Amino acid sequence: MTEFEPKIVAFVCNWCTYAGADLTGTSRIKYATNVKLVRFPCTGRIDFMLLLKAFGEGADGIIISGCHPNDCHYTSGNFHARRRWIMFRGLLNFLGIDTRRIQFSWVSAAEGGKWADIVNSTVKSVRELGPYNDYKKVADFLETEVTNG
Amino acid sequence: MSRIGVFVCHCGENISATVDVEKVAQVAGEMGDVAFSLDYKYMCSEPGQALVQQAIKDHNLTGVVVSACSPRMHEPTFRKASADAGLNPYMCEMANIREHCSWVHERSEETTEKAIDLVRMMVEKVKYDKPLEPIKVPITKTALVIGGGIAGIQTSLDIANCGHKVILVEKEPSIGGHMAQLSETFPTLDCSQCILSPRMVEVAQHPNITLMTYSELESLEGYIGNFTAKIRKKAKSVDHSKCTGCGDCWNKCPSKKIPSEFNAGLENRTAIYTPFPQAVPNKPVIDKANCTYYKTGKCKICEKFCKAGAIEYDLEDEIVEIPVGALVITTGFQVKGTDFFPEYGYGQYKDVITGLQFERLASASGPTLGEIRRPSDGKVPEKIVFIACAGSRDEAKGIPYCSKICCMYTAKHAMLYQHKVHTGKSYVFYMDIRSGGKNYEEFVRRAIEEDKVNYVRGRVSTVYEKNGKLIVKGADTLMGGQPVEIEADMVVLATASVSRCGSEDLAQKLHISYDAYKFFAEAHPKLKPVETNTAGIFLAGACQAPKDIPESVSMASGAAVKVAGLFSKDEMSREPIIAVVNRMAPPQFSSCVGCFLCQTACPYNAIEREEIKDRNGNVLKTLAKVNPGLCQGCGTCVAFCRTKSIDIQGFTNEQMYSEVMALLNA
Amino acid sequence: MVDIKKKANELLAANAVQVVIGFEEGTSGKSRAIFAQDAAGVDKLIFNSQCVLNLAVYLTKHEIKKLGKPAIIAPLPVMRAIIQLASEFQIKESEMAVLGVSPEGKLVEFQTFAAIESYLKDFKIAMDEKEKEILAKISNMSLSERFDFWMQELGECFKCYACRAACPMCYCHKCAVEQNKPQWIPVAANNLGNLEWHAMRAMHLAGRCVNCDACHNACPKGIPLNFLTKLMMVDAKEIFGQDGPSLKDGHLLSTFKPNDKENFIR
Amino acid sequence: MTIEKYLVKSASLSALFDKIKASGKVVQAPVKKAHTVDFMPVNAFNEITDDYIVTTQSAKSVAFPRVEKLFKYTKAKKEVTIADYAINTIPEVVMWGVRPCDAAGVSPLNAIFTWDVDDVIFTTKLKRTTFIGFSCQKSDACCFCTSVGGNPGATAGSDILMTKLSSGNYLAEIITEKGKAIQVLAPEFFEETPSEEKEKNLAQVPIQFNYLEIKEKVDAYFESDIWKAQAQRCISCGTCAFVCPTCACFDIQDENHGKVGQRIRNWDSCCFSQFTIHTSGHNPRESQDRRWRQRINHKFSIMPDRINAYGCIGCGRCSRACPVDMNIMEHLIGISQLAKK
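Residue numbers (the working numbering), protein chains in the order written: chain C, 1 to 149; chain A, 1 to 666; chain W, 1 to 266; chain Y, 1 to 341.
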């Protein structure tokens with residue numbers, strides 16, 4: 001049987017990681033096709049609800065990446081994001097949601113190589129975890145019948 | 001219902017080699033709300049842009065998706081093209097199928113599928129794009145130049161000569177930088193000081209230039225056209241308005257044992273000093289750290305001897321706030337010291353020196369008045385060895401890059417030595433000779449052929465002292481790597497050029513990015529070499545990468561033109577990518593409940609309080625309001641707002657949401 | 001109780017306030033809110049362990065605001081809610097009187113909110129042993145056990161939003177679940193809709209929850225949803241040292257420290 | 001049909017259940033859950049509890065669930081295809097252990113879903129549901145069925161009504177053909193008529209007010225401060241509506257997920273502050289007293305006028321569930337005591 005190909009979305013900031021990913025391209029460093037980037041102005045812009053939405057729409061993994069601490073183009077967006085992730089990650093874990101499927105990273109505009117590495121290692125680890133069926137069951141909005149709960 | 005056009009670029013072979021562009025265009029054409037789609041070899045070319053414009057007219061498109069390279073590359077191109085065709089530029093988006101797809105994947109079904117997903121994502125985004133109008137902001141026509149080396153001097157003069165105000169900030173007591181330290185300059189061997197000092201004086205006297213020496217940038221706020229810079233003017237302890245620069249003070253100063261920075265430590269200076277005779281301004285400062293009075297509370301000799309009564313010990317650092325419209329960063333570089341090289345004796349051998357120290361020895365204004373003499377005993381060296389690539393191009397030393405100037409100045413040094421010590425023998429150990437540049441190769445050949453400098457291709461493994469001589473052990477790779485040993489009197493290391501220490505902090509103050517070696521990063525390696533990622537902040541000289549003088553100067557003039565261009569208008573338009581608080585009909589007025597947690601989250605203090613009043617002036621509701629002048633569009637407030645009352649134009653909640661939906665629902 | 005009633009009557013008599021928000025005897029042994037506007041009303045005031053509703057929820061209701069300047073009977077959770085609400089500009093010191101009730105049931109008077117904040121310093125916001133046990137029990141489950149546990153519990157939710165209505169911090173007049181551009185939270189009370197609603201609610205209460213359990217007490221299905229916000233409370237304290245509401249310190253998620261510690265970002 | 005009476009031995013109850021299951025019907029019955037007793041599909045008799053006054057939620061969800069999928073749609077290229085609700089997939093259901101008040105709630109609910117055009121999904125579900133009622137031996141302070149025309153042993157709405165007798169056996173009243181059909185499944189368990197009288201085995205629920213009077217007062221006191229007074233402590237959640245057997249307000253939503261989606265019907269409540277908000281921003285019921293008045297008004301005046309059915313059957317669920325003790329009986333008594341106009 002063919003190997004499981006995880007669906008992974010990456011939420012990245014425009015100034016560091018998006019630029020870093022551009023550099024990965026310019027440097028022709030190869031990485032897996034599983035990951036698709038969504039461009040945000042800043043990690044501070046990334047709404048925590050979008051992570052749930054991604055899982056709800058069938059993502060098996062998520063990458064969140066932005067500027068290294070102190071390098072934020074907007075001075076502090078990534079610091080706010082970091083706090084948000086610290087709290088949110090704790091909540092997800094407490095809810096039994098698999099945070100191993102979420103990779104947080106700082107990738108600067110100069111770190112094209114690191115970006116490829118983040119992508120490939122995340123694809124690898126999520127592939128090992130397999131499809132996120134538990135969540136897909138919950139999110140299966142078309143089939144799940146709602147009894148008198 | 002929107003009518004969207006999708007334009008898929010081959011980028012020559014760059015995209016079409018790995019992505020089935022025809023298929024992408026065809027599938028895109030079948031997407032909902034897509035009225036038109038095509039693929040073309042070079043979308044960004046003149047005819048390519050024409051195709052977009054024609055389609056906008058023919059199919060009266062309400063949105064455009066150009067599926068090509070990174071928006072960081074060509075978004076402006078296609079937005080302009082769309083605008084020229086009568087479509088609001090902000091209704092045009094780019095799907096990045098080159099940097100994020102064709103260049104990072106092999107040709108395969110998956111690669112094409114991914115490209116299609118990226119296009120679908122942007123089609124969804126465009127659906128929710130709204131026509132936006134650029135924001136007009138006034139421009140403060142004053143430039144701040146940080147660093148008074150040749151690059152800073154050149155850029156300041158060029159900007160000032162365009163009729164704009166310039167503030168030149170230099171952290172040392174005098175401008176001049178490295179160039180002031182040099183003896184002669186390659187490839188013409190004309191005297192560095194002689195060509196530099198007139199420029200320095202011009203700076204000091206220029207009506208449009210305010211010179212702030214012994215000063216540093218404290219902080220920077222604001223945005224292009226409207227920055228506010230805080231500058232710390234370090235206390236000079238000397239009132240320059242009174243000082244005549246007579247020199248009595250430094251002649252009388254008792255603490256004379258301070259290594260002179262200008263002479264690269266080959267000579268000492270006093271605590272109250274000017275760095276060098278031609279310093280600008282040619283008035284002293286007191287180096288508090290080394291001044292007896294500041295250390296012990298006693299002395300005050302300089303004050304006693306100062307006829308002008310200019311000495312003021314209790315002067316304090318002063319912080320001035322200056323509105324500026326643009327910045328040019330020209331903070332330059334520094335060279336590694338000999339102590340960086342265990343194999344060459346960790347800097348413990350007095351007669352192993354750096355290229356910069358040799359410049360001082362060779363300089364008429366230097367400690368030896370231009371005679372080449374050994375620091376240890378002042379003897380004229382009979383045999384001298386120059387080692388190129390000392391640290392440079394050396395992974396192990398963490399400096400894999402080429403320092404660029406060493407090959408040339410080493411040739412120059414050897415030449416100068418031969419000119420001054422006719423009986424002397426000079427050797428140059430090198431890896432490769434890099435002499436690209438006008439008259440550079442000829443210059444090196446002159447050194448070898450006319451001045452009989454011995455070039456040895458190979459690295460020096462070790463240098464050690466043996467009865468007054470320096471034993472240089474190396475190999476000659478052109479002689480099959482046979483060992484070479486030279487008993488030298490002096491060894492000169494062409495030590496690597498590295499970024500200034502503290503450049504990281506400066507970058508963070510300026511919010512510009514820097515590369516792995518802490519050199520400041522240009523916005524584009526080829527097409528935006530003097531711009532940074534932060535609009536309004538430009539680069540010139542060796543703070544971006546090692547450079548020689550002509551390069552630094554031309555880059556400085558380039559940056560100056562960018563600034564002058566910006567200042568040629570009275571107001572500029574800014575991207576309307578800013579946050580807005582929703583408004584709705586009474587009695588709600590907005591879903592904002594005025595908790596103002598966004599206020600603390602905003603890095604720019606752009607969130608204000610707006611009171612909604614009835615006819616009698618009673619406050620009905622207080623809500624958040626975004627000041628469009630201050631908002632930079634980071635969107636931190638948006639992700640933070642519990643009621644989703646604040647949203648950011650161009651990256652709205654609906655857009656980000658539907659992008660995710662589109663990506664995951666093929 | 002005597003002194004509370006006395007004070008309440010004084011305030012009403014002097015017209016210093018127009019309404020006293022407190023508890024009265026309810027039906028079948030329950031207690032409930034009363035809005036006393038005269039001595040007869042004040043006479044009905046009670047205070048006992050049954051009084052679990054967080055009265056602060058009424059401070060932001062426009063229907064109640066219309067009754068005039070309130071005095072509110074405030075046990076610890078209400079005091080905490082008052083500070084948090086004040087820090088979010090929802091209530092003003094000048095526009096209300098606070099009749100504090102000490103854990104021993106004694107009247108504590110406050111002239112300023114700052115006084116309340118300093119009074120609260122002696123009563124750190126925390127969970128009792130039983131709650132700690134439950135939290136530990138949930139935390140110690142395996143990931144999938146925990147997921148199933150919550151899916152079971154949250155599966156009960158039919159989105160009556162009683163938790164939201166009873167929460168003094170849920171004062172938004174248009175809640176995120178009512179925002180439909182985009183429809184962040186599915187309207188359906190199905191598994192996904194319930195999970196997303198409760199996850200979002202917990203995040204929105206991160207650093208704001210005053211641990212009054214009003215949400216849980218309000219839930220007709222008895223879902224232990226208060227433990228989601230309790231977790232937020234514990235994390236806020238353990239990771240960021242946030243110790244109960246504060247007028248000055250700024251909001252947990254709208255502020256940051258450059259040296260905030262995490263161990264999961266590469 | 002005229003009501004037939006039989007005796008069902010307590011011992012045979014479980015066997016009867018098994019027969020019904022064996023017939024392939026889905027059986028929903030009261031189950032003790034972590035925090036509540038509620039109707040759930042059950043497989044074995046021992047899953048059922050009889051230790052409840054009324055279930056937390058009413059039996060209405062058998063025909064009107066909290067989320068109802070009306071149809072699904074699929075987009076292919078630019079075409080959209082719609083898949084209607086497959087009525088034929090609706091199973092035969094037996095609601096076991098329904099209280100007379102719940103059963104009484106069926107007809108007002110049905111009246112709402114059929115008052116202009118029939119709601120096919122609802123009516124079909126109802127047609128395929130058999131209600132086996134169990135009359136009340138216990139009641140609590142929230143019960144007031146007798147004040148709204150019902151009683152703990154009322155047969156209206158049930159297809160079969162079981163009443164536990166002092167012997168522990170059950171009086172089974174076959175009320176409808178549907179009920180008859182159940183008996184036919186297992187005639188052996190339906191024995192000769194018991195001698196014992198039904199009434200003395202029922203809970204005693206005192207009459208608190210006259211509901212006809214309520215209608216009159218509600219109409220007379222439409223503009224009155226009583227609504228403000230009563231609604232003061234209400235925090236406008238939807239609990240009362242969601243546990244109510246007769247509340248039928250719903251909200252239609254489209255759930256779109258790329259190429260597929262569905263239209264769903266969700267419970268809604270007139271107590272929510274946004275319930276009646278207009279696009280203009282105007283909200284005719286922007287304060288809670290208006291919404292509370294609407295709730296009472298709708299149940300005691302509008303419904304009787306329009307569909308000739310009362311919207312309250314006195315189960316008292318809303319009073320039990322309300323987080324702020326909005327006790328509807330207390331309020332109704334208050335209203336009934338208003339002076340005649």
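It is worth saying that the hints were derived from the structure and are not from the lab. Note that the structure is predicted; figures quoted are calculated from it, not measured. For glycine and all other residues, C-beta sits at the position ideal for the given N, C-alpha and C. Warning: the hint list may mix true and false statements.
Sample of chain W residues lacking proximity to chain C, with all beta carbon distances greater than 10 Å (derived) [said to hold, decoys possible]:
hint, residue
1, T60
2, I134
3, S139
4, S144
5, A202
6, T255
List time: in silico DSS-like cross-link candidates among lysine-lysine, alpha-carbon distance up to 27 Å [as the list claims (entries may be wrong)]:
hint, chain 1, residue 1, chain 2, residue 2
7, A, K509, C, K114
8, A, K625, A, K233
9, A, K613, W, K257
10, W, K44, A, K625
11, A, K621, W, K65
12, A, K621, W, K66
13, A, K518, A, K528
14, Y, K33, W, K181
15, A, K233, C, K30
16, W, K92, W, K65
17, Y, K228, W, K65
18, A, K473, A, K350
19, Y, K259, W, K30
20, W, K174, A, K621
21, Y, K75, C, K137
22, A, K625, W, K7
23, W, K7, C, K137
24, A, K41, C, K30
25, A, K127, Y, K259
26, A, K80, A, K165
27, A, K130, Y, K77
28, W, K65, W, K124
29, W, K44, A, K613
30, A, K518, C, K114
31, A, K136, A, K518
32, A, K23, Y, K75
33, Y, K78, A, K130
34, A, K397, C, K114
35, Y, K228, W, K174
36, Y, K78, A, K23
37, W, K61, A, K625
38, Y, K33, A, K127
Hint check results:
1. For W/T60, the non-interface assignment is confirmed: its Cβ lies about 24 Å from the closest Cβ of chain C, beyond the 10 Å cut-off.
2. The non-interface label for W/I134 is consistent with chain C: the shortest C-beta to C-beta separation is roughly 12 Å, beyond 10 Å.
3. Consistency note on W/S139: stated as away from chain C, yet its beta-carbon is not over 10 Å from all of that chain's, at 7 Å minimum.
4. Residue placement check: W/S144 does not keep its beta carbon more than 10 Å from all beta carbons of chain C (closest about 7 Å).
5. With a least CB separation of 6 Å from chain C, W/A202 falls inside the 10 Å interface cut-off, contrary to its annotation.
6. A cut-off of 10 Å between C-beta atoms contradicts the statement that W/T255 is not in contact with chain C; the least separation is 8 Å.
7. Our distance criterion of 27 Å between C-alpha atoms is met by A/K509 and C/K114, whose separation comes to about 25 Å.
8. Annotation: proposed proximity of A/K625 to A/K233 is violated, straight-line Cα distance about 37 Å (limit 27 Å).
9. Our distance criterion of 27 Å between C-alpha atoms is broken by A/K613 and W/K257, whose separation comes to about 38 Å.
10. Between W/K44 and A/K625 the CA atoms are separated by roughly 45 Å; this puts the pair beyond 27 Å, and the hint is violated.
11. The straight-line distance between the Cα atoms of A/K621 and W/K65 is roughly 14 Å, inside the 27 Å bound, and the hint therefore holds.
12. A threshold of 27 Å between alpha carbons decides the hint, and for A/K621 with W/K66 the separation of about 15 Å falls inside it, so the pair holds.
13. Annotation: proposed proximity of A/K518 to A/K528 holds, straight-line Cα distance about 18 Å (limit 27 Å).
14. Restraint check for Y/K33 and W/K181: the C-alpha separation of about 37 Å exceeds 27 Å, so the hint is violated.
15. Of the supplied pair hints, the one linking A/K233 and C/K30 is violated, its CA atoms being roughly 50 Å apart against a limit of 27 Å.
16. Restraint check for W/K92 and W/K65: satisfied, since their Cα atoms lie roughly 12 Å apart, inside the 27 Å limit.
17. Distance restraint check for Y/K228 and W/K65: the Cα-Cα separation of roughly 13 Å lies within the 27 Å cut-off, and the hinted pair is therefore satisfied.
18. Of the supplied pair hints, the one linking A/K473 and A/K350 holds, its CA atoms being roughly 18 Å apart against a limit of 27 Å.
19. With a C-alpha separation of about 51 Å, the suggested pair Y/K259 and W/K30 falls outside the 27 Å cut-off, and the hint is violated.
20. Restraint check for W/K174 and A/K621: the C-alpha separation of about 14 Å stays at or below 27 Å, so the hint holds.
21. Restraint check for Y/K75 and C/K137: the C-alpha separation of about 23 Å stays at or below 27 Å, so the hint holds.
22. For the suggested pair A/K625 and W/K7, the alpha carbons sit about 41 Å apart, so the restraint of at most 27 Å is broken.
23. Between the alpha carbons of W/K7 and C/K137 the distance comes to roughly 58 Å, so the proposed pair goes past 27 Å and is violated.
24. Proposed proximity of A/K41 and C/K30 is supported: the alpha carbons are some 23 Å apart, at most 27 Å.
25. For the proposed pair A/K127 and Y/K259, the alpha carbon gap of about 16 Å is at most 27 Å, so the pair holds.
26. Under the criterion of a C-alpha separation no larger than 27 Å, the hint pairing A/K80 with A/K165 is inconsistent with the structure, at around 32 Å.
27. For the suggested pair A/K130 and Y/K77, the alpha carbons sit about 25 Å apart, so the restraint of at most 27 Å is met.
28. For the given pair, W/K65 sits about 30 Å from W/K124 by alpha-carbon distance, which is inconsistent with the 27 Å threshold.
29. Our distance criterion of 27 Å between C-alpha atoms is broken by W/K44 and A/K613, whose separation comes to about 39 Å.
30. Of the pairs offered as hints, the one joining A/K518 and C/K114 holds, with about 17 Å between alpha carbons and a cut-off of 27 Å not exceeded.
31. Taken as a hint, the A/K136 and A/K518 pair is broken in the structure, with Cα atoms around 34 Å apart against an allowance of 27 Å.
32. With a CA separation close to 20 Å, the supplied pair A/K23 and Y/K75 stays within the 27 Å bound.
33. Among the hinted pairs, Y/K78 with A/K130 is consistent with the structure: their alpha-carbon atoms are about 24 Å apart, no more than 27 Å.
34. With a C-alpha separation of about 21 Å, the suggested pair A/K397 and C/K114 falls inside the 27 Å cut-off, and the hint holds.
35. Straight-line distance between C-alpha atoms of Y/K228 and W/K174 comes to about 23 Å, which keeps the hinted pair within the 27 Å bound.
36. Distance hint between Y/K78 and A/K23 is fulfilled; the C-alpha atoms sit about 17 Å from each other, no more than 27 Å.
37. Taking the CA atoms of W/K61 and A/K625, the gap is near 24 Å; set against the 27 Å cutoff, the hint holds.
38. This hinted pair does not check out: Y/K33 and A/K127 have alpha carbons roughly 47 Å apart, beyond 27 Å.
Of the numbered hints stated above, those contradicted by the structure are hints 3, 4, 5, 6, 8, 9, 10, 14, 15, 19, 22, 23, 26, 28, 29, 31, 38, listed in ascending order.
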